[in-house]
Amino acid sequence: MSVSNLLENWSEFRHTHPVDDKGYPDWEAYPSDIKWAMAIDLDACTGCNACSVACYAENNLPVVGKEKYSHGQAMHWMRIERYWDENDSGFQADQGARFLPMMCQQCEAAPCETVCPVGATNHTEDGLNSQIYNRCIGSRYCSANCPYKVRYFNWYNYPEQENAWPAPLNQQLNPDLTVRTKGVMEKCTFCKQRTYTARNNAKTEGRPVQDSDVQTACQEACPTGAITFGNLHNPESQVAKQWQSQQVDLIKDVQEKDEKEGNRLRGYRILEELRPYPSVMYLERVRESAV
Amino acid sequence: MKCFLRSLTLLVGLFFYASSHAADALPTLTTPDDVGPVIEQPIEFPHFRHAGDAKDGGMQINCMYCHTYARRSMVAGIPPIQKCIGCHQSIESVRDKPRIQKLFEYWDAKKAIPWKKVHDLPDFVRFNHERHIQRFYFQQDRPYQEVCGYCHGNVKAMTVAQRQKPITMGWCASCHQKDHLVSANSSKTGHGPNDCFTCHK
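For the record, the sequence lines run as chains A and B. Per the numbering used here, the very first residue in the first sequence carries number 1; after that it's consecutive. Per the numbering used here, the very first residue in the second sequence carries number 1; after that it's consecutive.
Any given hint could turn out to be false.
Here are the simulated DSS-like pairs of lysine-lysine, each with C-alpha atoms no more than 27 Å apart in a straight line [to be verified]:
hint	chain 1	residue 1	chain 2	residue 2
1	A	K203	B	K201
2	A	K149	A	K182
3	A	K68	B	K201
4	B	K55	B	K83
5	A	K68	A	K149
6	B	K201	B	K117
7	A	K182	B	K201
8	B	K165	B	K201
9	B	K117	B	K97
10	B	K111	B	K97
11	A	K203	B	K178
12	A	K257	A	K241
13	B	K117	B	K83
14	B	K201	B	K116
15	A	K203	B	K188
16	B	K83	B	K110
17	B	K97	B	K116
18	B	K201	A	K149
Some but not every residue of chain B turned toward chain A, in silico, with C-beta under 7 Å [to be verified]:
hint	residue
19	Q134
20	H200
21	K201
These aren't lab readings, by the way, just hints derived from the structure by calculation. We treat Cβ as the ideally placed atom computed from N, Cα and C, and that holds for glycine.
Just chain A, with the same shape it has in the complex:
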């Protein structure tokens, strides 16, 4: 794709955004047999951070250290957010902290995509927000526009100047994706290298992608099996069944759980009212003592 081609076809390039004038993702205008999605059961999550560690190992993430972290330069594609329930007498010790694994929500109408001045982040046919590191110029608009704050900027040249992987640790870097350099934005890709391999193998064998073909690193590491990942367009997949049983619909911005009072549904998506149509469904935590 040359620059002239990009400029000529700019409008078409932008129209691959699946939300058209209807105001919600229009699948007919955007046909694909794969839509990667996730479901995270907060009732099962113990906040152990294994997913986060697995992500560091899988995706060549540098450990930035305490000082850079305090400057807001953390590099965790998958982070565990910790919430304390507070009442008048301080936090409720019996409930403890609530945990929420937060990573890129791979929105269908992603706020980050529309603001990139160079088209380094755009929508893929399998429903991901791609991040093309060698196209990125580091304007950080996408991060500013991300409601979930899940985009991370390389403030330093971690592999060389910061010596993030001193020998022989550099031997453990994953060759299936780039080691990012200074000045580019990065974020969770739903383990693109794994989904790519799964699709490739399925295509060679002439069959659709199944659940058993692919697991993300965080899903694989989760000791309680809180994370489910798969193809939402395949009704047989675990993730599609979970979304369906919770009556969570990708193209709605208010889910059944919040629409009707007194139901037993737990499925919701974060910041749905902003209408980014995220691809990650969370299952609300259930506790008897919950208010």
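The hints should help you fit chain B onto chain A, whose structure is shown.
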């Protein structure tokens, strides 16, 4: 007038300054005729003898006899020395040729031959041999020499391989953007993925 002349001189000067810098810039990534550099290999492997046509004295061995992973993996693979010896231990007629003697030196020393990479893509690019071979060789039943030659050029006429195609993004996209017939006996067309994320990792 003086002001005009001054600005004109400045502009002309700037132009020459800029153009002289453009000329000293880094060497271009591809040679003008898109042919890669000559790479010296530890053994001057004669591709034309192994893969060449029979009329040119070649053995017409399928590329994937040695580069065996091309059909089932991202990378085509360089054959291990066992593969060479597997045939050559029973070909007495060429045993005294200097290249074969060198081959057996490596074999006796139990050392791998340090072949050098000719078609080297940057680390941020994902190229999948399997997908291209599956599509063109197995589904469309095109001759393997043609299929491999789309990217590797006329290797069957080469001694050690040399890059004949530019292997740049624009060159890849020039094919991926075109509509091709999906199979030899179908009128359906399709094209390769044009998604940045498919090739850039």
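Here is what the structure says about each hint:
1. K203(A) with K201(B): 20 Å, holds
2. K149(A) with K182(A): Status holds; Cα separation ~19 Å.
3. K68(A) with K201(B): Holds. K68(A) to K201(B) sits at ~26 Å (cutoff 27 Å).
4. K55(B) with K83(B): 25 Å, holds
5. K68(A) with K149(A): Distance of about 17 Å is within 27 Å: holds.
6. K201(B) with K117(B): 21 Å, holds
7. K182(A) with K201(B): 16 Å, holds
8. K165(B) with K201(B): The given pair, whose Cα atoms are some 22 Å apart, holds under the 27 Å limit.
9. K117(B) with K97(B): 25 Å, holds
10. K111(B) with K97(B): 20 Å, holds
11. K203(A) with K178(B): 21 Å, holds
12. K257(A) with K241(A): OK: K257(A) and K241(A) at ~16 Å, within 27 Å.
13. K117(B) with K83(B): Between K117(B) and K83(B) the Cα gap is close to 19 Å, so the pair holds against 27 Å.
14. K201(B) with K116(B): With Cα atoms ~24 Å apart, K201(B) and K116(B) stay inside 27 Å; holds.
15. K203(A) with K188(B): 18 Å, holds
16. K83(B) with K110(B): It holds: about 14 Å lies between the C-alpha atoms, which stays within 27 Å.
17. K97(B) with K116(B): Given pair K97(B), K116(B) holds - Cα atoms ~22 Å apart, limit 27 Å.
18. K201(B) with K149(A): 22 Å, holds
19. Q134: 6 Å, holds
20. H200: 5 Å, holds
21. K201: 5 Å, holds
When held up to the earlier numbered hints, the structure conflicts with none and fits them all.
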